[in-house]
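Peer 1: Use the sequences and the hints to build the structure in full.
2 protein chains.
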Amino acid sequence: MQPNKQEIINYLKDFASSERYNRIQDIVRKRTRHITIVVENLFQSHNISAILRTAECLGIQDVHIIENNFEYTINKQVSLGAQKWLSVYHYNHLTNNTVSCLQTIKEKGYKIIATLPQENNYSLEDVPLDAKTAFLFGTELNGLSPEAINMADSFIKIPMYGFTESYNVSVSVALTMMNVNERLRKSSFDWALSTEEIMDLELDWLKKSIKDAERILKRFFNR
Amino acid sequence: MQPNKQEIINYLKDFASSERYNRIQDIVRKRTRHITIVVENLFQSHNISAILRTAECLGIQDVHIIENNFEYTINKQVSLGAQKWLSVYHYNHLTNNTVSCLQTIKEKGYKIIATLPQENNYSLEDVPLDAKTAFLFGTELNGLSPEAINMADSFIKIPMYGFTESYNVSVSVALTMMNVNERLRKSSFDWALSTEEIMDLELDWLKKSIKDAERILKRFFNR
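Going down the list, the protein sequences come from chains A and B.
Sequential numbering of the first sequence, starting at 0, is according to numbering that gives the first Met the number 0.
Sequential numbering of the second sequence, starting at 0, is according to numbering that gives the first Met the number 0.
The hints are simulated quantities; they were obtained by calculation from the structure and are not laboratory data.
Just to be clear, a hint being listed does not mean it is correct.
If several chains are the same, the list does not tell them apart, and a pair holds so long as it fits within one copy or across any two.
To be verified - In silico lysine-lysine, DSBU-like type, Cα no more than 35 Å apart, as pairs:
1. Lys-4 with Lys-75
2. Lys-110 with Lys-156
3. Lys-156 with Lys-210
4. Lys-156 with Lys-12
5. Lys-110 with Lys-185
6. Lys-75 with Lys-156
7. Lys-83 with Lys-156
8. Lys-29 with Lys-156
9. Lys-29 with Lys-110
10. Lys-207 with Lys-156
11. Lys-29 with Lys-185
12. Lys-156 with Lys-131
13. Lys-185 with Lys-131
14. Lys-4 with Lys-210
15. Lys-156 with Lys-185
16. Lys-75 with Lys-210
17. Lys-206 with Lys-156
18. Lys-75 with Lys-185
19. Lys-83 with Lys-206
Peer 2: Dropping the structure here:
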């Protein structure tokens with residue numbers, strides 16, 4: 000009989016320090032997919048790297064990256080390896096990947112809220128969090144594409160008081176996600192991962208935390 | 000008799016569009032010096048540029064830059080010219096400029112709150128805003144210097160839920176300042192600029208908005 004996931008985790012965890020496994024167990028229980036981040040056509044690698052780092056710090060597991068025009072690179076000095084602990088989805092096979100990305104996310108039950116300086120249905124503080132929600136952020140220069148704006152369910156604007164008409168995109172992501180993340184964690188909504196998702200991540204993170212994890216697992220399966 | 004500031008403003012404003020002058024009058028009344036930003040030894044130009052942009056967006060007039068080891072440069076693609084509308088103070092003449100900067104700020108009546116991942120007296124949401132307060136942020140790699148930590152009145156920590164142990168510094172600044180800025184503007188504290196400060200900024204911003212402002216002013220004084 001094939002061992003189940005929990006048995007694999009139990010075997011593997013003895014190869015990690017107990018401190019490490021405790022940390023994994025603690026952090027995975029703070030992970031959420033109830034809110035997610037979608038970025039479209041970012042081209043400055045320090046921005047995408049800072050966004051991944053922010054997502055990891057906030058415990059937001061999924062980041063969706065639409066790459067229509069720009070090749071995706073990570074600046075490791077900025078990301079500090081945050082991407083290792085995240086589920087990062089890339090959309091770059093089609094000429095226009097925005098529609099396919101947002102369609103995929105909608106089919107998973109997410110509402111899409113876009114950040115726009117001009118238009119807004121909600122202020123940041125009033126965004127409802129009862130449904131799973133994806134927050135959509137556009138490119139540094141031109142903002143969101145018409146396709147993205149067209150597919151959004153609603154819009155928010157981050158408060159501004161000066162001459163400058165927009166925040167840096169990695170700042171926009173941080174301000175938006177910190178706000179909704181804090182409210183979500185204080186709410187009674189079911190924001191945590193399922194037992195199955197928790198086991199999947201524990202296994203993945205254990206593998207990444209243990210030297211020679213693949214060899215160890217092979218030995219386990221060959222017993 | 001020398002014309003007073005208001006007379007100079009009244010003369011100069013006719014050389015700007017009324018839309019522009021209205022915008023200046025609107026924005027200057029949203030400016031605050033009740034809270035201020037101090038950064039120590041940042042070396043990535045996109046970070047300092049993003050911080051200036053955030054300060055301008057938030058209506059925070061003063062930014063203090065301690066440069067002990069690194070030359071200060073602005074990435075204009077990131078700052079979008081925000082520094083033009085801010086009062087940016089540089090501390091770079093001594094071997095260690097941290098003490099002189101913080102001493103200067105304390106003498107102006109500011110409490111100093113440092114962001115540290117390890118230690119905190121307040122959670123971000125609970126920072127009291129009754130006194131003028133300077134928020135102090137350290138370098139990307141090593142955090143704040145011992146001198147800076149030693150001179151801080153108290154410490155805050157931004158909420159974190161993942162493996163990554165810190166936010167990008169420009170993200171830390173944005174998260175901290177957005178929180179205290181929103182609370183300050185909803186409070187009854189006297190956060191706005193004085194009439195004198197408002198006139199000084201109106202004059203400065205008008206000069207920066209009008210082509211040939213210096214020549215126009217010279218003609219005015221020579222009448």
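Peer 1: As a check of your reading, is Lys-206 near Lys-156 (CA-CA no more than 35 Å) within one copy, between copies, both or neither?
Peer 2: Between. Shortest inter-copy distance 31 Å satisfies the 35 Å Cα cut-off; intra-copy 40 Å does not.
Peer 1: State whether the alpha carbon distance between Lys-207 and Lys-156 is at most 35 Å within one copy, between copies, both, or neither.
Peer 2: between (38 Å within a copy, 28 Å between copies)
Peer 1: Since the copies are identical, ignore which copy is meant and state whether Lys-156 and Lys-12 lie within 35 Å (CA to CA) inside a copy, between copies, both or neither.
Peer 2: Classified as between; 31 Å across copies, 45 Å inside a copy.
Peer 1: Can you tell me if Lys-75 and Lys-156 fall within 35 Å by alpha carbon in one copy, between copies, both or neither?
Peer 2: both (30 Å within a copy, 24 Å between copies)
Peer 1: Give the relationship of Lys-4 and Lys-75 under a CA distance limit of 35 Å: within one copy only, between copies only, both, or neither.
Peer 2: Result: close within a single copy only, 32 Å intra versus 51 Å inter.
Peer 1: From the Cα coordinates, with 35 Å as the cut-off, is the pair Lys-29 and Lys-110 best called within, between, both, or neither?
Peer 2: both (22 Å within a copy, 34 Å between copies)
Peer 1: Pop the pair Lys-83 and Lys-206 into one bin, within, between, both or neither, using alpha-carbon distances up to 35 Å.
Peer 2: within (11 Å within a copy, 50 Å between copies)
Peer 1: For Lys-156 vs Lys-185, is the C-alpha pair at or below 35 Å within one copy, between two copies, both, or neither?
Peer 2: both (22 Å within a copy, 18 Å between copies)
Peer 1: Within a copy, between copies, both or neither: which one fits Lys-75 and Lys-210 at a CA-CA cutoff of 35 Å?
Peer 2: So Lys-75 and Lys-210 pass the 35 Å test inside one copy only (21 Å; across, 44 Å).
Peer 1: Between copies, within a copy, both or neither: which fits Lys-156 and Lys-210 at Cα up to 35 Å?
Peer 2: between (45 Å within a copy, 33 Å between copies)
Peer 1: I want to check one pair: Lys-110 and Lys-156. Are their C-alpha atoms no more than 35 Å apart within a copy, between two copies, both, or neither?
Peer 2: For Lys-110 and Lys-156, the Cα distance is within 35 Å both inside one copy (17 Å) and across copies (31 Å).
Peer 1: Go through the copies and call it for Lys-185 and Lys-131: within, between, both or neither, with a Cα cutoff of 35 Å.
Peer 2: This pair counts as both: shortest intra-copy Cα distance 16 Å, inter-copy 30 Å.
In this structure, none of the earlier numbered hints is contradicted; all agree with it.
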